[in-house]
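Student: Sequence:
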Amino acid sequence: MFGLCILDILVIASYLALVIGIGIWASRRVKNLEDYFLAGRRFGPFIQTFAAFGQATSADNAVGVTTTTFTNGIAGIWSSLVYLAATPMYWLVMPWMRRLRVLTLGDFFQQRYGSKGIAAVYAVIGSIGMMTIISVGLAAMTKTVVALAPKPIERLTAAERAELGRAEVLDRLLAQDYDSLTADQKDQLNQLIRQRPRKVFSYIREDLLIWLVCGVVLVYAVAGGLEAAFLTDTIQGLFIIVLSILLIPFACHRINQIYGGSGLMDALETLHARLPESFFEVFGSPVSMDFTWYYIAALTIMVTINVVVQPNSLAATASARGEYECRFGFVAGSYIKRVCTVLWGFFALLAVVLYHDQIHDPDLVWGYATLDLLGPLQIGLVGLMIACLMAALMSTADCLMITGASLLTNNIYRPIFPGCTERHYVQIGRWFGALVLICGAMIATQFDTILQQLKLWWELNVTVAASFWLGMKWRRANKTGAWCSILATAICFFVLPILLPVLVPGLRTEPMLLRSTRPVVVTRLYKASQMDVLDRQRQIQQWEGLPDGQKHMTTRPESLAVGQVFRRHYQIPGRSIFWTKGIKQDRLGRAYGSGMLNLELILLDRLGVDLEAYPYALNETIRILIRTIVPFLILMAVSLITAPDDKDLLDRFYARMRTPVLRDRKADAELLNAGPDRLGPWAQQKVFAHSNWELYRWTRTDLWGFVISCLTALAIILLLVVLVRVGR
1 MFGLCILDIL
11 VIASYLALVI
21 GIGIWASRRV
31 KNLEDYFLAG
41 RRFGPFIQTF
51 AAFGQATSAD
61 NAVGVTTTTF
71 TNGIAGIWSS
81 LVYLAATPMY
91 WLVMPWMRRL
101 RVLTLGDFFQ
111 QRYGSKGIAA
121 VYAVIGSIGM
131 MTIISVGLAA
141 MTKTVVALAP
151 KPIERLTAAE
161 RAELGRAEVL
171 DRLLAQDYDS
181 LTADQKDQLN
191 QLIRQRPRKV
201 FSYIREDLLI
211 WLVCGVVLVY
221 AVAGGLEAAF
231 LTDTIQGLFI
241 IVLSILLIPF
251 ACHRINQIYG
261 GSGLMDALET
271 LHARLPESFF
281 EVFGSPVSMD
291 FTWYYIAALT
301 IMVTINVVVQ
311 PNSLAATASA
321 RGEYECRFGF
331 VAGSYIKRVC
341 TVLWGFFALL
351 AVVLYHDQIH
361 DPDLVWGYAT
371 LDLLGPLQIG
381 LVGLMIACLM
391 AALMSTADCL
401 MITGASLLTN
411 NIYRPIFPGC
421 TERHYVQIGR
431 WFGALVLICG
441 AMIATQFDTI
451 LQQLKLWWEL
461 NVTVAASFWL
471 GMKWRRANKT
481 GAWCSILATA
491 ICFFVLPILL
501 PVLVPGLRTE
511 PMLLRSTRPV
521 VVTRLYKASQ
531 MDVLDRQRQI
541 QQWEGLPDGQ
551 KHMTTRPESL
561 AVGQVFRRHY
571 QIPGRSIFWT
581 KGIKQDRLGR
591 AYGSGMLNLE
601 LILLDRLGVD
611 LEAYPYALNE
621 TIRILIRTIV
631 PFLILMAVSL
641 ITAPDDKDLL
651 DRFYARMRTP
661 VLRDRKADAE
671 LLNAGPDRLG
681 PWAQQKVFAH
691 SNWELYRWTR
701 TDLWGFVISC
711 LTALAIILLL
721 VVLVRVGR
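Sequential numbering of the sequence shown, starting at 1, is according to the working numbering.
Keep in mind that the hints were calculated from the coordinates and are not lab data.
Warning: the hint list may mix true and false statements.
[What the hints assert, rightly or not] Using 27 Å as the maximum straight-line C-alpha spacing, the simulated DSSO-like pairs for lysine-lysine come out as follows:
#: 1; residue 1: K584; residue 2: K199
#: 2; residue 1: K116; residue 2: K581
#: 3; residue 1: K116; residue 2: K473
#: 4; residue 1: K186; residue 2: K199
#: 5; residue 1: K686; residue 2: K647
#: 6; residue 1: K584; residue 2: K186
#: 7; residue 1: K151; residue 2: K473
#: 8; residue 1: K581; residue 2: K186
#: 9; residue 1: K584; residue 2: K473
#: 10; residue 1: K199; residue 2: K151
Whenever a hint applies, use it, and build me the whole structure from the sequences.
Tutor: Right, dumping it as C-alpha cells:
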C-alpha cells in the first residue's frame, strides 16, 4: 500500500493513534483559558525541555541542513547553526516570560503601555506569522514524505508519463546556451518554466497528506490545548532525536560495504579519502563567504532581540511551574536542537560519498537515503522515518496553532466580547486554533515559495522588538513612542519597500538600482581526493568535446592524481545591493529587480557610501543593524519629548517584574494583589537604584547558568570540528 510494507503502515498508524489518545485524555483537564493555552502552568523541566525542542524543530530543519551540506560541504550547516551564538542569552531573558504572569505576549503590551490597540496589532501580526511558519513546515514535510513512496516508471499514468517527458525536455533546454536556442525553443523553455513539470511521482498525494496531518493535529491539539501539545511534543521530540541518529550507522555500514572496511573509523577514513578537502572547512569556506564574523555577530544581535518577541516564545516558557523550569527547559531544548543540527550535517557528508553521482536534486537526499538504506530491511524503519518527519512537523504546528489561537481569543475577541464565561472563551479558542491550522494548510497547498515569506516574518519582529525591550527595561518608554516606533518601522522597512515597486514599476529597471557588489575570485590550495580526480576527468572530457574554434579560447585542464596539491579558484559572484531577491531577467533578457527595495541602503548610497566596493555580507550586516537599531532610536526620541505613562501603571508592572514567581500559585496571586508597596525592597535589586533603567543585579543562578550555556555552545562547535577531522 502506497509503496510501503505492512510494518511501515502499522508504525505510522500506531504513532497517530497514540497522539490522538493523548489529546482526548488531556481535553478532560481543561477548565479555563489558562488550562487550555498554558496547560495550567504545571510543567517541570523535562516536559519544558522537549516543548522548547519540539516547537523549534520542524520537518524543514533536518531536510534543509542536509540539502545545504550535501551541496556545499559542512560549511552549509551554518544556515541553521548561526543561531548557536544567541542561545546563552536565552538563560537570562526567558524567565521574563514566566514572571510576566500573562496569558499571551499581547497581554504584555496592554499591561506595560495600557494599550489594547497595540496588543491587538501584535495579535494580528503574530497569528499571521504562526500560519506562515506552519505552512513552511507542511510544505517541507510533504515533499520529503512523498519522496519516500515513489512510483516506478512502469506504474506511471499516461498523464504522469507526459509530464515526465516535459520535465526531461526542460532539463535539456536548460542545459543549452540560451542564445543558441531557436525562437520556438525559447518559447517552449519559457512555457515549461512556468509549468514546472515534475520528475518524481509518488503513491502519496501532497495535498491529501497535508490535510491528514492537519486532521490529526486538530483532533489532539484543538481538544487538549497546550497540555496535549506539549505531552505529544515530548514523545515527538524523542522521535526527532531518532530521526537525527537513525541513518548514520546505516550510511557508515553501506560505505564500508562499497569501499571496504568495518566500523565507524574505517567509514570516516573513506569519507576523507573520497571527498574534497573543501567539504570539511567549518570556518572560512568559500561557499560560506556570506557568513563572516561580523555578519554572524549582527545576526546574533537581531536573533537575540527578535526571538523573545515571537508569540510562541511565551507559550514555550510561561507554561512552566517556576522560573528555573522555564529557563532550563528552553535552553536545554535549544541545545538539543543544535546537537541534532550537527548530526544532520554529518549525515549529509556521508550521503555525498554514497549518492553524489546519483542525486541531482539535493532536496531529495533524505528521502532517497531512507529508501536505499532502510527500505530493503522491511522491518518498518521507513514507516518510523515517516513518523519522525510527521512528528517534527506536528510538534511545531501544535504549539504555533495554540499560540495563534490564544492571541486571537485573548487580545481581539475577548476585548470585543467581554464578560463571557471561561468555557465560552475556551470554545472560541478551539475554533480559532482550527482556523490558524487550516489557513496554514491552505497557504501550503496554494503557494510554492513560502520560504521567502518565512524570512519576511522573521524580520517583521523588528517592528515590535523595541517596544518590548525598552518597555521591559526603561520606565521612560511610553505608549506614544511605542506607536511611533511600530508604525514608522513597519512603513519604512516593509510597507514602502513592497508598495513602491508596485506603484512605480519603472523602479525595477532603473539602472541605478540594478547595481551589484563586485565579483571576487578566491584561490585555495587543496590536496586532491578521489572526487576531485573524477571531477577533473569530467572537465577534461568536456574540454575535449569542444569545437576546435572554442578550444583555442580556453586552456586544457591539467590532470590530477589522488594526494596531489592543486589550486582551486572560487568566484564569489556579485550580488544585488538594493533588491531582496536579487536581479533577474525577463523573457526578453532585460534585467529587473526582484523582491522588496532596501530603502536604507539606497539612503546610504545617496549619502556617498560606495556599497559596490563592500562585500555582500557587509551590506547585509549594515542593513540588519539599521533595522535592529532604528526602532529603538525612534521610541527613545519620541518618549523623551512626550509625557510619560501613568506612574501607577508603571509601578504595578515593574513590581511584577521584580517579584520572583512563587511555586505556590495561591500565595503568588495574593502577593501580587497586595499592591506594589507590599512586595519587598525592589530598589536593592536594581543596578542603578534611582534611575529609570530597570537593570537588575545577576543572581548566582544567572551567572553560573550563563557561563555553562556559553561553554555548551563552545562544546557543540568542538563536536562539529571533531566529527569532520576524525579519520583524516
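Student: Compare the distance between the alpha carbons of K199 and K151 with 27 Å, and conclude whether the hinted pair is satisfied.
Tutor: Between K199 and K151 the Cα gap is close to 11 Å, so the pair holds against 27 Å.
Student: Would the pair K116 and K473 pass a check requiring their Cα atoms to be no farther apart than 27 Å?
Tutor: Judged against 27 Å, a Cα distance of about 21 Å means the pair holds.
Student: Decide if the proposed pair is consistent with the structure: K186 and K199, CA atoms, cutoff 27 Å inclusive.
Tutor: Between K186 and K199 the Cα gap is close to 21 Å, so the pair holds against 27 Å.
Student: For the pair supplied as a hint, K584 and K199, confirm whether the alpha-carbon distance does not exceed 27 Å.
Tutor: It holds: about 25 Å lies between the C-alpha atoms, which stays within 27 Å.
Student: Is K581 close enough to K186, meaning Cα to Cα at most 27 Å?
Tutor: holds (24 Å)
Student: Between K584 and K473, is the straight-line Cα distance small enough, at 27 Å or below?
Tutor: Judged against 27 Å, a Cα distance of about 45 Å means the pair is violated.
Student: Take a quick look at whether K686 and K647 sit within 27 Å of each other, Cα to Cα.
Tutor: Distance ~18 Å between K686 and K647 Cα, so the pair holds.
Student: Given the hinted pair K116 and K581, is their alpha-carbon gap at most 27 Å?
Tutor: Cα-Cα ~36 Å, so violated.
Student: K584 and K186 were given as a pair; does the straight-line alpha-carbon distance stay at or below 27 Å?
Tutor: holds (17 Å)
Student: Is K151 within 27 Å of K473, Cα to Cα?
Tutor: Distance of about 58 Å is beyond 27 Å: violated.
Consistency note: the structure conflicts with the earlier hints numbered 2, 7, 9.
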